[in-house]
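In the order they appear, the protein sequences are chains A and B. The first sequence finishes on residue 259 if you use the numbering used here, and the numbering steps up by one all the way, no holes. The second sequence finishes on residue 767 if you use the numbering used here, and the numbering steps up by one all the way, no holes.
Think of the hints as simulated: they come from the structure by calculation, not from any bench. Misleading hints may appear alongside valid ones.
To be verified - Chain A side only, calculated, beta carbon under 8 angstroms to chain B, not exhaustive:
no.	residue
1	Ser49
2	Arg51
3	Glu52
4	Leu83
5	Val89
6	Ile91
7	Pro92
8	Gly93
9	Ala106
10	Gln107
11	Gln159
12	Ala231
What the hints assert, rightly or not - 30 angstroms max Cα-Cα, derived DSSO-like pairs, lysine-lysine:
no.	chain 1	residue 1	chain 2	residue 2
13	B	Lys329	B	Lys432
14	B	Lys428	B	Lys329
15	B	Lys755	A	Lys109
16	B	Lys643	B	Lys755
17	A	Lys224	A	Lys236
18	B	Lys755	A	Lys123
19	A	Lys224	A	Lys19
20	B	Lys358	B	Lys666
21	A	Lys152	B	Lys329
22	A	Lys109	A	Lys152
23	B	Lys431	B	Lys452
24	B	Lys755	A	Lys152
25	B	Lys666	B	Lys453
26	B	Lys684	A	Lys15
27	B	Lys484	B	Lys428
28	B	Lys484	B	Lys551
29	B	Lys551	B	Lys755
30	A	Lys109	B	Lys740
31	B	Lys684	B	Lys666
32	A	Lys123	B	Lys740
33	B	Lys740	B	Lys643
For each residue, glycine too, the CB sits at the ideal point set by N, CA and C.
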Amino acid sequence: MMLEIKNLHATVGGKAILKGLDLTIEAGEIHAIMGPNGAGKSTLGNVISGREGYEVTQGEVLFNGNNLLELEPEERACEGIFLAFQYPVEIPGVNNTYFLRAALNAQRKYRGEPELDSMQFLKLVREKLEILHISDDLLRRSVNEGFSGGEKKRNEIFQMAVLEPSLAILDETDSGLDIDALRLVARGVNRLRSEDRAMIVITHYQRLLDHIVPDRVHVLADGKIVASGDADLALKLEEQGYAWLDRGGIQSLDIDLKA
Amino acid sequence: MSNQQNPVDSTSTQASPADAPSVGSATANSSTVDHFVQQKYKHGFVTDIESETVPPGLDEDIVRWISARKEEPQWLLDWRLEAFQRWLKMSPPDWAHLKIDPVDFQAISYFSAPKSDEDRPKSLDEVDPKLLETYEKLGVPLHERAKLAGVVAVDVVFDSVSVGTTFRKELKKAGVIFCSFSEAVHDYPDLVKKYLGTVVPSRDNFFAALNSAVFSDGSFVFIPKGVRCPMELSTYFRINAAETGQFERTLIIAEEDAHVSYLEGCTAPMRDENQLHAAVVELVVMDDASIKYSTVQNWYPGDENGVGGIYNFVTKRGDCRGDRSRISWTQVETGSAITWKYPSCILRGDSSVGEFYSVALTNNYQQADTGTKMIHIGPNTRSKIISKGISAGRGQNAYRGLVRIAKGAENARNYTQCDSMLIGKNCGAHTFPYIEVSNPTAKLEHEATTSRIGEDQLFYCLQRGMSEEDAVSLIVDGFCKQVFRELPMEFAVEAKALLEVSLEGAVG
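Input sequences plus hints: build the corresponding full structure.
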């Protein structure tokens with residue numbers, strides 16, 4: 001079992017957001033987390049990656065059998081957890097390549113592997129660019145500075161390709177993308193699917209899941225997983241909208257129900 | 260952004276933000292000085308010219324003693340004495356955004372020759388381990404560490420003598436004069452006499468007057484007409500003027516179509532026990548000539564509780580006398596407890612250009628009030644100001660800059676960008692821009708930002724696996740990029756390492 005979340009409760013600024021969330025993910029699987037605004041989708045990503053201000057009040061998170069919650073954010077990253085940000089952050093004056101090499105070498109150092117020099121790193125980067133069909137123009141610019149929405153999201157996927165995490169959390173990677181940009185990003189993600197990598201795809205809409213087909217779909221509402229199913233669940237959600245959750249319509253769907 | 264009363268005397272074109280008010284000389288302070296001056300020195304004044312140091316205190320005899328000790332000509336002694344008389348009537352400037360304990364100018368010794376062999380630590384074992392640790396982090400070579408820590412006299416250090424000699428020979432072939440100020444007074448008195456004090460007159464401000472009276476040594480550079488100096492000049496190679504830092508005087512002249520890049524300072528923290536530094540730098544640039552002046556300053560900033568540290572009061576000014584002349588100041592200020600410094604350009608020549616690129620960092624209890632002054636006098640003059648202030652700990656950082664467009668400066672242009680970054684919650688950033696425009700054709704742009712180092716940026720870096728310390732230095736380095744790229748390559752690398760060392764423990 002790669003990730004085991006048991007009865008997770010978390011608060012942000014004293015306000016309870018996650019209220020007893022359970023989730024289990026095996027290596028090689030892609031899980032989609034869907035749900036209405038304010039359900040706690042992004043909070044889940046932030047709690048797993050250890051962002052400051054997100055306080056776990058109850059429950060546990062095990063990553064490869066180890067207690068994740070006692071690790072610092074950078075240690076979690078080095079253990080193989082990657083968060084593709086909903087709003088990738090601009091760092092003016094810091095070259096994108098330089099940033100990524102610093103990140104990769106920090107992780108390699110953590111794992112006791114030799115650091116890559118700039119030539120070795122450039123070779124690696126060229127390989128990844130080719131796989132993802134990203135122009136190397138992105139490499140020469142400062143981290144996310146002046147990037148379009150699509151470029152920012154593609155840059156996240158590119159970082160993921162270079163860092164090769166074992167668990168990637170894609171937080172609303174589709175938001176703000178037109179259909180062409182969405183396809184490009186999804187294609188990148190699909191290329192990175194592998195037997196020893198798991199992904200959590202957080203999204204509000206079904207359309208991303210047309211391109212990244214998940215193994216499991218979970219519906220998150222009011223801090224809990226209220227329903228889980230296969231890829232078809234996302235389609236049903238799309239038809240009916242999230243409003244049925246409030247109307248108690250969940251029973252009318254032919255799906256596994258969570259307590 | 261805030262404004263306060265402009266301390267600059269608006270009728271004088273050579274005024275500097277460093278100008279002390281010129282009226283009201285009968286202050287308590289100067290009468291104290293008078294009192295001391297009138298007193299004859301009680302503690303048995305040492306007149307022996309062989310002596311290496313003078314007792315604390317400043318009077319006319321001390322000025323005479325310094326001049327005699329350096330075997331100076333009469334005209335220079337007269338010049339010093341005149342400056343001394345002016346200084347007596349002045350009081351320290353109080354307009355800067357700095358909290359400074361009053362300096363007792365009579366408690367300072369105004370001349371101290373290079374350390375003798377007995378004074379100096381016998382080996383690296385005797386040197387403060389904290390200092391050695393810093394050298395280690397900066398990657399200073401072993402034999403250099405000994406030199407910087409004062410274990411060996413600079414003029415006997417391993418390779419530097421030979422390096423210095425070869426270096427000089429090559430410069431001489433090109434016609435470049437590069438020597439200590441004292442040597443220049445003896446070997447090129449006409450040049451010194453012609454230019455000394457013409458950019459920063461001794462009446463300019465309190466500290467310039469003090470420097471003019473008691474300056475110990477410094478650098479002299481003369482680049483003759485049409486010569487492009489074949490190498491970067493650096494105080495690093497000026498091996499014969501060690502430990503002259505307290506009242507340093509530097510004069511650089513570029514004749515028509517002459518070009519030079521000058522590097523001042525050392526990126527490793529200098530062992531320096533002098534508390535007060537008051538240096539003067541004068542640059543003169545003729546038609547089509549250029550001077551690029553880069554400084555990396557890392558004097559002792561005091562400890563983490565704000566005890567000790569250097570007071571750095573510097574007057575730096577360049578005079579673009581010729582048409583199409585250019586002066587570029589680049590400074591990285593990370594040291595000193597107090598920094599008071601405004602490298603400036605007087606843009607006299609038609610189409611002359613002035614530039615100022617600055618990074619100033621204050622951590623713990625450090626204070627900096629720094630910036631520049633661009634005085635546009637000639638037509639088509641252009642200036643550019645890029646200032647980056649970083650405050651951490653309880654550091655206070657002020658940018659103070661003046662852009663003045665005189666009546667005759669048709670089509671003058673200025674671009675000012677002034678960014679401040681705050682790290683933590685107990686520090687401060689302040690911006691005091693002064694703009695005076697007397698010609699309607701002028702175009703000025705001013706941009707200013709203040710940002711707290713982003714929690715978002717930090718988390719982004721951490722989430723990619725970087726440590727908090729690495730993340731901060733990466734973000735700060737990016738913030739300073741516009742300035743660092745103006746520095747010569749190897750300087751830029753060291754400046755970056757220096758910022759990292761200076762920021763240690765700033766977060767977390």
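Evaluation of the provided hints:
no.: 1; hint: Ser49; verdict: 5 angstroms, holds
no.: 2; hint: Arg51; verdict: 6 angstroms, holds
no.: 3; hint: Glu52; verdict: 7 angstroms, holds
no.: 4; hint: Leu83; verdict: 5 angstroms, holds
no.: 5; hint: Val89; verdict: 4 angstroms, holds
no.: 6; hint: Ile91; verdict: 5 angstroms, holds
no.: 7; hint: Pro92; verdict: 6 angstroms, holds
no.: 8; hint: Gly93; verdict: 3 angstroms, holds
no.: 9; hint: Ala106; verdict: 4 angstroms, holds
no.: 10; hint: Gln107; verdict: 4 angstroms, holds
no.: 11; hint: Gln159; verdict: 7 angstroms, holds
no.: 12; hint: Ala231; verdict: 28 angstroms, violated
no.: 13; hint: B:Lys329 with B:Lys432; verdict: 28 angstroms, holds
no.: 14; hint: B:Lys428 with B:Lys329; verdict: 25 angstroms, holds
no.: 15; hint: B:Lys755 with A:Lys109; verdict: 22 angstroms, holds
no.: 16; hint: B:Lys643 with B:Lys755; verdict: 23 angstroms, holds
no.: 17; hint: A:Lys224 with A:Lys236; verdict: 19 angstroms, holds
no.: 18; hint: B:Lys755 with A:Lys123; verdict: 26 angstroms, holds
no.: 19; hint: A:Lys224 with A:Lys19; verdict: 6 angstroms, holds
no.: 20; hint: B:Lys358 with B:Lys666; verdict: 36 angstroms, violated
no.: 21; hint: A:Lys152 with B:Lys329; verdict: 65 angstroms, violated
no.: 22; hint: A:Lys109 with A:Lys152; verdict: 27 angstroms, holds
no.: 23; hint: B:Lys431 with B:Lys452; verdict: 21 angstroms, holds
no.: 24; hint: B:Lys755 with A:Lys152; verdict: 27 angstroms, holds
no.: 25; hint: B:Lys666 with B:Lys453; verdict: 28 angstroms, holds
no.: 26; hint: B:Lys684 with A:Lys15; verdict: 25 angstroms, holds
no.: 27; hint: B:Lys484 with B:Lys428; verdict: 19 angstroms, holds
no.: 28; hint: B:Lys484 with B:Lys551; verdict: 17 angstroms, holds
no.: 29; hint: B:Lys551 with B:Lys755; verdict: 20 angstroms, holds
no.: 30; hint: A:Lys109 with B:Lys740; verdict: 26 angstroms, holds
no.: 31; hint: B:Lys684 with B:Lys666; verdict: 44 angstroms, violated
no.: 32; hint: A:Lys123 with B:Lys740; verdict: 26 angstroms, holds
no.: 33; hint: B:Lys740 with B:Lys643; verdict: 16 angstroms, holds
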